[in-house]
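We have chain A already, so just place chain B on it with the hints.
So you can see what is in the structure, the chains are spelled out below.
Protein chains: 2
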Amino acid sequence: MRQTIQPRSGTAFTINKGERLKVIDPEGEQVADLYAFNAHDKNEFMSSGRSLDYNESTHFKSGCKLYSNESQVMFEIIEDTVEEHDFLLTPCSVDTFKHFYPSDPPVPGCHGNLVAAFAEFDIPAHHIGTTFNTFMNVDVSPEGKIAVLPPTSKAGDYTIFEAKMDMIVGLTACSAGESNNFRYKPIQFEILPAL
Amino acid sequence: MRQTIQPRSGTAFTINKGERLKVIDPEGEQVADLYAFNAHDKNEFMSSGRSLDYNESTHFKSGCKLYSNESQVMFEIIEDTVEEHDFLLTPCSVDTFKHFYPSDPPVPGCHGNLVAAFAEFDIPAHHIGTTFNTFMNVDVSPEGKIAVLPPTSKAGDYTIFEAKMDMIVGLTACSAGESNNFRYKPIQFEILPAL
Numbered sequence: 001m002r003q004t005i006q007p008r009s010g011t012a013f014t015i016n017k018g019e020r021l022k023v024i025d026p027e028g029e030q031v032a033d034l035y036a037f038n039a040h041d042k043n044e045f046m047s048s049g050r051s052l053d054y055n056e057s058t059h060f061k062s063g064c065k066l067y068s069n070e071s072q073v074m075f076e077i078i079e080d081t082v083e084e085h086d087f088l089l090t091p092c093s094v095d096t097f098k099h100f101y102p103s104d105p106p107v108p109g110c111h112g113n114l115v116a117a118f119a120e121f122d123i124p125a126h127h128i129g130t131t132f133n134t135f136m137n138v139d140v141s142p143e144g145k146i147a148v149l150p151p152t153s154k155a156g157d158y159t160i161f162e163a164k165m166d167m168i169v170g171l172t173a174c175s176a177g178e179s180n181n182f183r184y185k186p187i188q189f190e191i192l193p194a195l
Numbered sequence: 001m002r003q004t005i006q007p008r009s010g011t012a013f014t015i016n017k018g019e020r021l022k023v024i025d026p027e028g029e030q031v032a033d034l035y036a037f038n039a040h041d042k043n044e045f046m047s048s049g050r051s052l053d054y055n056e057s058t059h060f061k062s063g064c065k066l067y068s069n070e071s072q073v074m075f076e077i078i079e080d081t082v083e084e085h086d087f088l089l090t091p092c093s094v095d096t097f098k099h100f101y102p103s104d105p106p107v108p109g110c111h112g113n114l115v116a117a118f119a120e121f122d123i124p125a126h127h128i129g130t131t132f133n134t135f136m137n138v139d140v141s142p143e144g145k146i147a148v149l150p151p152t153s154k155a156g157d158y159t160i161f162e163a164k165m166d167m168i169v170g171l172t173a174c175s176a177g178e179s180n181n182f183r184y185k186p187i188q189f190e191i192l193p194a195l
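Same order as they appear, the protein sequences are chains A and B.
Read left to right, the first sequence gives residues 1 to 195 (full-length UniProt numbering).
Read left to right, the second sequence gives residues 1 to 195 (full-length UniProt numbering).
Okay, chain A solo, but in the shape it has when bound:
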């Protein structure tokens, strides 16, 4: 069953090993921040640094694996119509909005939305690290300059992640203007049964 995450919000849910998480961008140009914990050990969680290291790449697409801080595979990307994601940047928080958008009223951002969603599973805020920023288009120049560009995702584009362990998963519809071409849109997702 397809579920909808409203613009600038987030949710958390469980997924079992073997099931697949399909993250869909229904309108296009919308980022979804993804984070996960081992359902049986909340001290094991998604690790950008381990994933970059083991994939030997900052570019994630079908066949790439997302690792935990314990070097275990959490997800494998098994289908991906976008192939443009970010795994460098932490989800925006109230402080991030104050930094980048000082004239706007601060919002919880994906960090705040994940904190609230994961709280139902008794996961403390400080365990939420760098998220897998699905559909986020981050360019790094040869000099290392980071630029956030509009997502390349079109309406209906999606990425399917196969769960390699039982997990508690957080997922958002990103709240930051620049990341979403300055229009806040929903994200949809489905849990598909194991193959």
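If chains are identical, the list can't say which one is meant, so a pair holds when it fits in one copy or spans any two.
Derived PhoX-like pairs: lysine-lysine, alpha-carbon spacing no greater than 25 Å straight-line:
#	residue 1	residue 2
1	Lys22	Lys61
2	Lys145	Lys61
3	Lys17	Lys61
4	Lys164	Lys17
To be clear, the hints were calculated from the coordinates, so they are not data collected in a lab.
Structure of chain B alone, referenced to chain A:
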């Protein structure tokens, strides 16, 4: 007073706001992994993702700031004779060595050495995230391919970090062959008084 970290080992110590940490590569081509916690709140720690975001760069040099997960500045780089560091990759662990060097006997790596050093301060292993890999030379190609190259640091090169809060700091002499041009060397450091 200059202190020496023996090859493939690590240490932890406290630093007060205003003091400066000088990390020295005495022989050249040697990486030192740096991580830190707020001395008054161990749930606040160094964040690669926040630092990349706020610096808008993967390239760290004099004038750059290292942020915590709470968006507070922990260190500012105030002097740097190298300007080639990595803030993408997590410190190697036993599992990392098994992955990258399967024919070698696994060693604790910087992760294991930091876990042991921080344990004296009652900091649990899973709080140690992506370190600031001082002098580590990581190339990212336009396609996102990550390559670990020999450090550009020469004998006597150094980086000085000014502490912007009271911290518990971990520092290592990196244990990975590829990162150190396949020779394991010491790292030295000094705590300099506030200016």
